[in-house]
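As they're listed, the protein sequences go chains Z and U.
FYI, in the numbering used here the residues of the first sequence are 46 to 190.
FYI, in the numbering used here the residues of the second sequence are 584 to 1136.
There may be inaccurate statements among the hints.
Cross-link-like lysine to any residue pairs, in silico, SDA-like; alpha carbons within 20 angstroms at most [unchecked claim]: (1) U:K1011 - Z:F109; (2) U:K1036 - U:L757; (3) U:K1011 - Z:Y94; (4) U:K1011 - U:T687; (5) U:K1011 - Z:H102; (6) U:K1011 - Z:R122.
Computed beta-carbon distance windows for the label pairs [to be verified]: (7) Z:V148 - U:D1035: 50 to 60 angstroms; (8) Z:L120 - U:D695: 24 to 34 angstroms; (9) U:W1073 - Z:V148: 25 to 35 angstroms; (10) Z:V148 - U:M906: 50 to 60 angstroms; (11) Z:W121 - U:D1127: 29 to 39 angstroms; (12) Z:V148 - U:E862: 13 to 23 angstroms; (13) Z:L120 - U:F685: 48 to 58 angstroms; (14) U:G1121 - Z:F113: 19 to 29 angstroms; (15) Z:W121 - U:D695: 21 to 31 angstroms.
Since the hints were made in silico from the structure, they are not lab data.
These numbers were taken from a predicted model, which means no experiment stands behind them.
Note that the Cβ used here is the ideal one computed from N, Cα and C, for glycine as well.
Chain by chain, the residues:
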Amino acid sequence: VNMTSYTYADENNAESAQLRSRSLLNIDHGYGRPLWVFCTTVSLLSARYLLVEQNVHYPLQLYFNQLFVACLMILWRYRRSDDTQELFVERPKFWRPITWGAVMISLSLGFKSLSTICVLQAILHFQNLPTLVMMTVRVHTSHLP
Amino acid sequence: MIASFVEDLLLLLVGVVPRTQAELVRISVLAAASAGLLFTEYRLSVANLVASISAMLFAGVARALWKMSIRYRPGEVSYIMDQPGRFVSIQALVGLIWVLAFWTGDRIFTFDHGNISLLAVNAVASSLSLTLGRSILFPMDDASAQVLGVPVQYLPDRPVVLVVTGIVGCFSALLVRRSYTNVFQLCCFLIAVLCIGGKGTVDTASGQSQAPSITYERVNISPEPAADDSDATSLPEEIGSTRVPAFVSSLAGDRPRRYLLGISVALLWMAYGILNFTERRERHDPTLLDRNYVSEVPVEVVLSMYKEPVEEVSKLISNLRSMPTLSDAHFTIYIKNSEADNENIRQKVGADGVVTLPNIGREGETYLNHILNRWDSLARQTIFLQADIHNPREFYPHIKNYYSRLRTGFLSLGWSGTVCNCRDCGDKFFWQDNAGLVPRTYNGIYNSTDCDKVLLSSKGQFIVSAARIRGIDKEIYHDLWQAFVDDKSWAHQPEYLQGRPDSMSAADFGYTLERMWSLLFRCSNMDVAWKCPSLLSGWRIGGDIGDCQCFDD
């Protein structure tokens, strides 16, 4: 892949880029995890309430709703941060030669999206939501050395 | 469990993860605890197993690919992560493919004014959750941290798991369609949580972990994109080549916060335990039984038959007769096939009576016909079945587990646990009570408009006592029967059907009646809704015979 078609403006910007890569919202990692806990809890409970209690049994609707909000958040971010425009000296082209890295990342994102849809389907069908959440405990222990 | 298994398997295959013996033991215990958690669940179904297992499977693959990308292509990850448009594009593409692949013609969207604020809250929370952790249930940010060289924060993982589960558990236990976690599941979960904590110990013993620092520190990571496929470098080479900060939260020396967190988590779980194991006082409608009716026949099995193979029906009757509680049952078959040879069928299947009915209204009309014509000669308990029974594998164990000749008043032999709001009744199978039949029937039974939540029955197979059948006015059954057989009734009019297919032999109204049997026989309370295990699970640990039914005593 010709990743050298852009260059980082300077080292500070490189740091900024890496920091930004932690999340789309530039939230410090120290607060990221508690915030994730809060958001994921609200997301799970509201999804359960809508899908099961209120008979809004349309998981894909919830999926596309959050996609719509994600688009708004991205637009909001790019409108707010002028420095984003200065991040790259040369704007990268969208289409690039396919590389293993790009394929792996794209596949990872694709499977993550599939997983999100299945999670919503599982919330609809799994009456015991705590069991569903408990089943994910194993995920928290997996790591690379 | 499955997610991590897939993830570990993939990482093991590419040689990224070496495992120590202690780590393998820990993972084995964890896997056993996770399996125990699932196997002791009492509401398993094919749908929820497929959905949850797929979710974890895909999450595992996603995490493994993510870790490999960060490890071997950190530059590309950094580059792509600065293109959030790509994230949402892929997300939209996957959603679109899903719709195209699995769309069955049913609606996938609804515009619900009443829930618009909650839909907005859910969308924002889900988006933030996906943005921060790149997943709702399975955070991926730790994967980045681990690969980028940040000391893994095992201790904070425990509060994360405990807090999320505790809050979800408390809230779910308070809902109408409440959740319930049994003691074994709680034990399995706590063992699993201890295993998370054990990770730190294992790493310390094997010399892998780094001592947590007191303050935030910078970790040097390479931001340089990989030039091409050939220059994939290992992590140690990349670290230190260029400085990029990642923040490492520290825990040592932060004891007051830890104590406060510990106390909060303990209180949360105490509340969860209390709410989970406390039985709420649910509202019970009057039972309305005809206790004066005396029957000569103890049990009768009513089969609604059309053109099902006679051998299958014979096998069904034989299986039922082999049960001690049904050995002396009287078998009556109603056939809706005018060309059938009744006498031949009676002899082949060993039924006590075979009656031909016009092919109208499927099994719903058959059952109502039996009730109306046999009003004064109903058996003490009647088992209403279709000749081709649903879920045969789970059907017989369900009868064995729950049917009582002395006590059963109403016992559904289909799926249970589907509850709807009386005035806006619908279920996930796209059935909707557009005509307001549920509140109208409730009003007819109880002479009251105080209809709140209704437990729906399914599959058109159930056991009911004569005392319950005769506990309400016969006219109610007659009106419902009339709706089937009168081609000018409201049940066959466009206003009711709203475009749905309908015919006299396969009336759309049959789907509504199938769901209303438990309401008609006054066994629609919320206790049955949450206590009754799924057909697949069969039994609830800590449960009893009363979980799935209403008794007459």
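Here's how the hints hold up against the structure:
Simply put, K1011 of chain U and F109 of chain Z have alpha-carbon atoms about 19 angstroms apart, close enough for the 20 angstroms limit, and the pair holds. About 15 angstroms separates the Cα atoms of K1036 of chain U and L757 of chain U, which keeps this hinted pair within 20 angstroms; it holds. Among the hinted pairs, K1011 of chain U with Y94 of chain Z is consistent with the structure: their alpha-carbon atoms are about 14 angstroms apart, no more than 20 angstroms. Proximity of K1011 of chain U to T687 of chain U is assessed by CA-CA distance (about 14 angstroms); at most 20 angstroms being required, the pair is judged to hold.
For the suggested pair K1011 of chain U and H102 of chain Z, the alpha carbons sit about 5 angstroms apart, so the restraint of at most 20 angstroms is met. Distance restraint check for K1011 of chain U and R122 of chain Z: the Cα-Cα separation of roughly 37 angstroms exceeds the 20 angstroms cut-off, and the hinted pair is therefore not satisfied. For the hinted restraint 50 to 60 angstroms between V148 of chain Z and D1035 of chain U, the CB-CB distance of approximately 54 angstroms keeps it satisfied. Checked against the hint of 24 to 34 angstroms, the pair L120 of chain Z and D695 of chain U passes, with Cβ atoms roughly 26 angstroms apart.
Evaluation of the 25 to 35 angstroms hint for W1073 of chain U and V148 of chain Z yields a failure: the beta carbon distance comes to about 59 angstroms. Separated by about 58 angstroms at the C-beta atoms, V148 of chain Z and M906 of chain U satisfy the suggested range of 50 to 60 angstroms. A beta carbon spacing of about 55 angstroms between W121 of chain Z and D1127 of chain U contradicts the range 29 to 39 angstroms that was offered as a hint. At about 53 angstroms, the CB distance of V148 of chain Z to E862 of chain U disagrees with the hint of 13 to 23 angstroms.
Roughly 30 angstroms separates the CB atoms of L120 of chain Z and F685 of chain U, a value that falls outside the hinted 48 to 58 angstroms. Between G1121 of chain U and F113 of chain Z the Cβ separation comes to about 42 angstroms, which falls outside the hinted range of 19 to 29 angstroms. Between W121 of chain Z and D695 of chain U, the C-beta spacing of about 26 angstroms keeps the proposed range 21 to 31 angstroms intact.
Hint violations for this structure: numbers 6, 9, 11, 12, 13 and 14, all remaining hints satisfied.
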